[in-house]
Amino acid sequence: MKNRNLNYSSAHKKYLRGLKLKTFSVHLVRILLLFVVLGLWELCATTQLIDPFISSSPSRIINQIKILAGNGALWHHSSVTLYETVLAFSISTLVGTIVAILLYAVPFIRKVLEPYLIVLNSLPKIALGPLIIVWMGTGTKAIVAMGILICIVITTISMLNGYLSVDKEKILLLKTMGASKLQILFKLILPATFSDFISILKINVGMSWVGTVMGEYLTSKAGLGYLIVYGGQVFKLDLVMAAIVVLCILAGLMYAIIASLELIVNSKRNK
Amino acid sequence: MGNILELKDVELIYHSPQSETHALEKLSFQVENGEFVSIVGPSGCGKTTLLSLIAGILKPTSGKITISGKHISADASQTGYMFQRDNLFEWLNIWKNVTLGLGFKKRFTNENKDYANNLLNKYGLKDFKSHYPSQLSGGMRQRVALIRTLSLRPKLLLLDEPFSALDYQTRLAVQDDVHAIIKNEQKTAILVTHDIGEAIALSSKIIVLTSRPATVKNIINLDFDKNLTPFERRKNIKFNEYFNQIWSELDS
Ligand SMILES: Nc1ncnc2c1ncn2[C@@H]1O[C@H](COP(=O)(O)OP(=O)(O)O)[C@@H](O)[C@H]1O
Ligand SMILES: [Mg+2]
Chain A
1 MKNRNLNYSS AHKKYLRGLK LKTFSVHLVR ILLLFVVLGL WELCATTQLI DPFISSSPSR
61 IINQIKILAG NGALWHHSSV TLYETVLAFS ISTLVGTIVA ILLYAVPFIR KVLEPYLIVL
121 NSLPKIALGP LIIVWMGTGT KAIVAMGILI CIVITTISML NGYLSVDKEK ILLLKTMGAS
181 KLQILFKLIL PATFSDFISI LKINVGMSWV GTVMGEYLTS KAGLGYLIVY GGQVFKLDLV
241 MAAIVVLCIL AGLMYAIIAS LELIVNSKRN K
Chain B
1 MGNILELKDV ELIYHSPQSE THALEKLSFQ VENGEFVSIV GPSGCGKTTL LSLIAGILKP
61 TSGKITISGK HISADASQTG YMFQRDNLFE WLNIWKNVTL GLGFKKRFTN ENKDYANNLL
121 NKYGLKDFKS HYPSQLSGGM RQRVALIRTL SLRPKLLLLD EPFSALDYQT RLAVQDDVHA
181 IIKNEQKTAI LVTHDIGEAI ALSSKIIVLT SRPATVKNII NLDFDKNLTP FERRKNIKFN
241 EYFNQIWSEL DS
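Sequences listed follow chains A and B, in order.
My numbering applies: residue 1 is where the first sequence begins, and numbers increase by one.
My numbering applies: residue 1 is where the second sequence begins, and numbers increase by one.
Everything labelled a hint here was simulated from the structure, so no lab data went into it.
Hints are supplied without guarantee of correctness; some may be wrong.
Stated by the list, open to error - Think about it this way: if two alpha-carbon atoms lie no more than 30 angstroms apart in a straight line, the pair counts; the simulated DSS-like pairs of lysine-lysine are: (1) B:K105 <-> B:K126; (2) A:K111 <-> A:K202; (3) B:K122 <-> A:K268; (4) A:K168 <-> B:K26.
Based on the sequences and whatever the hints tell you, model everything.
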């Protein structure tokens, strides 16, 4: 890398420096923005410009998180929600993709089910909440079911659309080479739609958190969603805020894992 | 040498809810072993349809198509198909692209791998085996596509306007390349094109089709010195004569 740098013209070096400066300033302003907002919030709260009892404040949130971490509640509630989310995420991604493959492979079933899929997709899943509780009980199962419900339809529809948009000529090419249907699936359809798959993983990270937190609002004895509902009911806004901050961190981490998975696979592919 | 391909009274009708399209009608011709046949005809007359039939992707509505005297079946690996676009898989390197077809039907033998490897070495892609398609020029990509087709050792090559996506200069160069490779490997080829010049530059015989429903209008045997490259043919006096002849055939 270093020696290559030496061969660049001074104009190109200048361009690279400019580029570096730009990314650096984006990062800098990004972090500054966070601190400015947090700082103003804190300032307004300590000067009683806003009521910290209602609006909470960064320092109160940090204290609350410290308390939760101290008595083990933080780990307990986070792990409950994380477990539900990862479960809902994995099941809906896996099953949704398999269903999409089946629908792709059998056009007859696809055509039969098309209107039902569209209706299911536009249905607000939370409307099914009471049914889920009656059918699944009030435990983890119901919450995971809510998460799955939210992710699975969109997974199926997105992946199916991805498969359907694979270049027809490439399919024809493989047919002329004597490929079987299964070979076409594994050699062409799945690799060609890899980026669609990564997008749906990224969407599902967000959606599965939505689903499980929603599920916990409906029925739960533990979890970050439970903490938020509970905090709201007893008017402990610090607790609500703390739970939201932890949610943000966990969801961000999960997204980062998917993004790095994408990087790893892409670099393996294009080595 | 004998006929490798025979079409007798081939007819094809496309059906769709709105209408039926009579694409081919009473189409008959033969191709001899080792020939390079071009099929020219107006756009939309049924050239691609014709190649799909020969490749066994489509079944004729009526009529008979035989390769080496045998009826074609869909899985026969007797024909190799090359499309207008190279259709390389961007996520596979050149070597994996070229040997893609060997993976099907258990053809991934050492002998077949060696053959593919030799083709790459021989035709200027030796140093590009681990490159990815996006790193190659349009001309090189089309060469890779040809070698991918050849690596399955088809008896008959079917080329569907394989040069039309290339810019003019590249096209002339790639035509020379492809022609040389096909001659070298002693393959029989059928090239479909709407470019009269391309047909004259490359083939030993030109079949002119009528507009839809396509049937054979005329068959013209080209008489050039055997050693001329396509590019040299374009500068030959006979080139213009043939060009005018075929032009008027297509016009009327
Ligand atoms: N799958 C299909 N269904 C219906 N009509 C088709 C289909 N494929 C091609 N056609 C029609 O058949 C005719 C011949 O098409 P094609 O063989 O692609 O022509 P060419 O390759 O000579 O341009 C065209 O009119 C086209 O619209
Ligand atoms: Mg065509």
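How the hints compare with the structure:
Note on B:K105 and B:K126: the hinted pairing holds, with a Cα-Cα distance of about 26 angstroms set against a maximum of 30 angstroms. Restraint check for A:K111 and A:K202: the C-alpha separation of about 28 angstroms stays at or below 30 angstroms, so the hint holds. Between B:K122 and A:K268 the CA atoms are separated by roughly 29 angstroms; this keeps the pair inside 30 angstroms, and the hint holds. Distance check on the hinted pair: A:K168 and B:K26 sit about 29 angstroms apart at the alpha-carbon level, within 30 angstroms; holds.
In this structure, every one of the numbered hints holds.
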